[in-house]
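J.: Spelled out from the first residue to the last, the chains are:
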Amino acid sequence: VAEIVSADARSWSLSVQGSGKGVEFELWYQAEFGRLARVMIRLGVDREDAADLAGEAFSRALQRWSSVSEMESPTGWVYRVAFNVLHRLERRRALERRVLAKRSVPVPRHDVPVWDAVAQLPLRQRTAVVLHYLLDLPIRQVASVMSVKEGTVAATLAAARRALQPVLDDREDPP
Amino acid sequence: MTDLKQQLNNGIKSAPAIEPPPIGSLLERTRGRRRRRWFTGTGAAVIVAVTCLAVVVDVERGHVTNVKIAIETAPSSPPRTLAHGANYGPVYATIPDPAMATCSAISALSNAPASPALTTIDPDPTGVVAVWNPGMNARPCRVDFSRGDAVEAQALAAAILSEPAFPPGGRSCPADFGRNVNLYFSYGGDGPAEIVQQDLSGCEPLFAPGRASRLAGNMATSSLLASIAPPSYRSYLPLNP
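Protein chains in written order, with my numbering: chain X, 1 to 175; chain S, 1 to 241.
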């Protein structure tokens, strides 16, 4: 458990014990990394990229930990960062496919249809669904994390539910 | 929408688990991001603009008739012979990642069993990283890092090499609190660093793992260590004569 507490051109110091911030980050990181990486996998990212995307999001959180730790939902924030990074990655890959004049590569299919459907949602809907339904953040916090109004979140979630409805309806109830 | 929530959670539980990498890798990413920033976006635009402006000014003054761009690569450092496993010569070590360096890890060096070969390092380092361990009574335990450039590292290496062997036989020493500094001398390129440890309490031996200790009574060693020491460690220097 370590945190860089001061640095200049010649020396830097680490607080190894007793400094709340470093310990706090470590615990949060250990608790949340695995779930974020799994969400990335369910959104169609391969295992290696999922670990990389989650690592990127948490490294940004570490860089700004003094302010991120004060947020209402640091976890919501790190998910939003991860989704933005994933969105950029998807756009870059789509562009590469167009430039290479290849046929569209289908999104990898999993055995969890609801996550396949979530992966097809626009970025904003996907973010709102995960923050609200997976992380259990109330609408107010989702709005805060996404920097939009609560009404926008409600409308986004309604649109996402409509898009996901066929998947939920298709699910067979046990006899 | 409980069903949606449940399905999402079930999907996550059944996804393959991925262990979080060490925090050091996150720190590496943040450092890489800071380094890259100058070569992208605004930073790159500023560099290009300043370079173009400088060329235009020179051309207007008539100093430049044509512009050549030369790309030079740094000469690679000569290969070094390693002495891993040998019971003589320098001892190689990896400079610890600040994120992974804990007090217990830093103080784990041991000078026993020592071979008859005296602690040594190569005399021409290109830099030195000093890792300062406050010892077992420090709460909170805080590891400090400092560095010296090539001139400081070579002077320190020369001072260390001039220290005599630790005298044999019994010796009465002050209390040993486990306070020490590990010196990682680097030699350019990606090669390993050479390590020595200077204890800052007790008998204050200077040693590398598995090598015979030296007694750092030389004022040059003390003053060079003081020059790269964080302020809180300067009071432990000079070393006992």
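Since the hints were derived computationally from the structure, they do not count as laboratory data. Don't be surprised by glycine CBs; every beta carbon is placed ideally from N, CA and C. You may find that some hints are simply not true.
Residues of chain X placed beyond 12 Å of chain S at every Cβ, according to the derived structure [stated by the list, open to error]:
no.: 1; residue: 48
no.: 2; residue: 95
no.: 3; residue: 136
Covered by chain S, per the in silico footprint, the following chain X stretches (three or more residues, Cβ under 8 Å) [as the list claims (entries may be wrong)]:
no.: 4; region: 34-43
no.: 5; region: 51-57
no.: 6; region: 113-122
no.: 7; region: 137-147
Quick partial rundown of chain X residues pointing at chain S, CB under 7 Å, derived from the structure [unchecked claim]:
no.: 8; residue: 28
no.: 9; residue: 125
no.: 10; residue: 134
J.: State for each hint whether it applies.
T.: Hint check:
1. Its closest Cβ contact with chain S, about 9 Å, brings residue 48 of chain X to no more than 12 Å, contrary to its assignment away from the interface.
2. In this structure residue 95 of chain X is separated from chain S by more than 12 Å, as the shortest Cβ-Cβ distance comes to about 18 Å.
3. A beta-carbon of chain S comes within 12 Å of the beta-carbon of residue 136 of chain X; the shortest separation is about 8 Å.
4. Note: the region 34-43 of chain X has 7 residues with beta-carbon separation from chain S under 8 Å; the three-residue rule is met and the coverage holds.
5. A count of 4 residues in the region 51-57 of chain X with a Cβ less than 8 Å from any Cβ of chain S is obtained; the coverage claim is therefore met, three being the minimum.
6. By the rule of at least three residues with a Cβ nearer than 8 Å to a Cβ of chain S, the coverage given for the region 113-122 of chain X holds, with 3 such residues.
7. With 0 residues having a beta carbon nearer than 8 Å to a beta carbon of chain S, the region 137-147 of chain X misses the requirement of three or more and the stated coverage is violated.
8. Interface hint at residue 28 of chain X: violated, since its Cβ lies 11 Å from the closest Cβ of chain S, which is beyond the 7 Å cut-off.
9. For the restraint placing residue 125 of chain X at the interface with chain S, the shortest Cβ-Cβ distance is roughly 13 Å, beyond the 7 Å limit, so the hint is violated.
10. Annotation: residue 134 of chain X was flagged as interfacial toward chain S, and the flag holds, the nearest CB pair being 5 Å apart, inside 7 Å.
Consistency note: the structure conflicts with the earlier hints numbered 1, 3, 7, 8 and 9.
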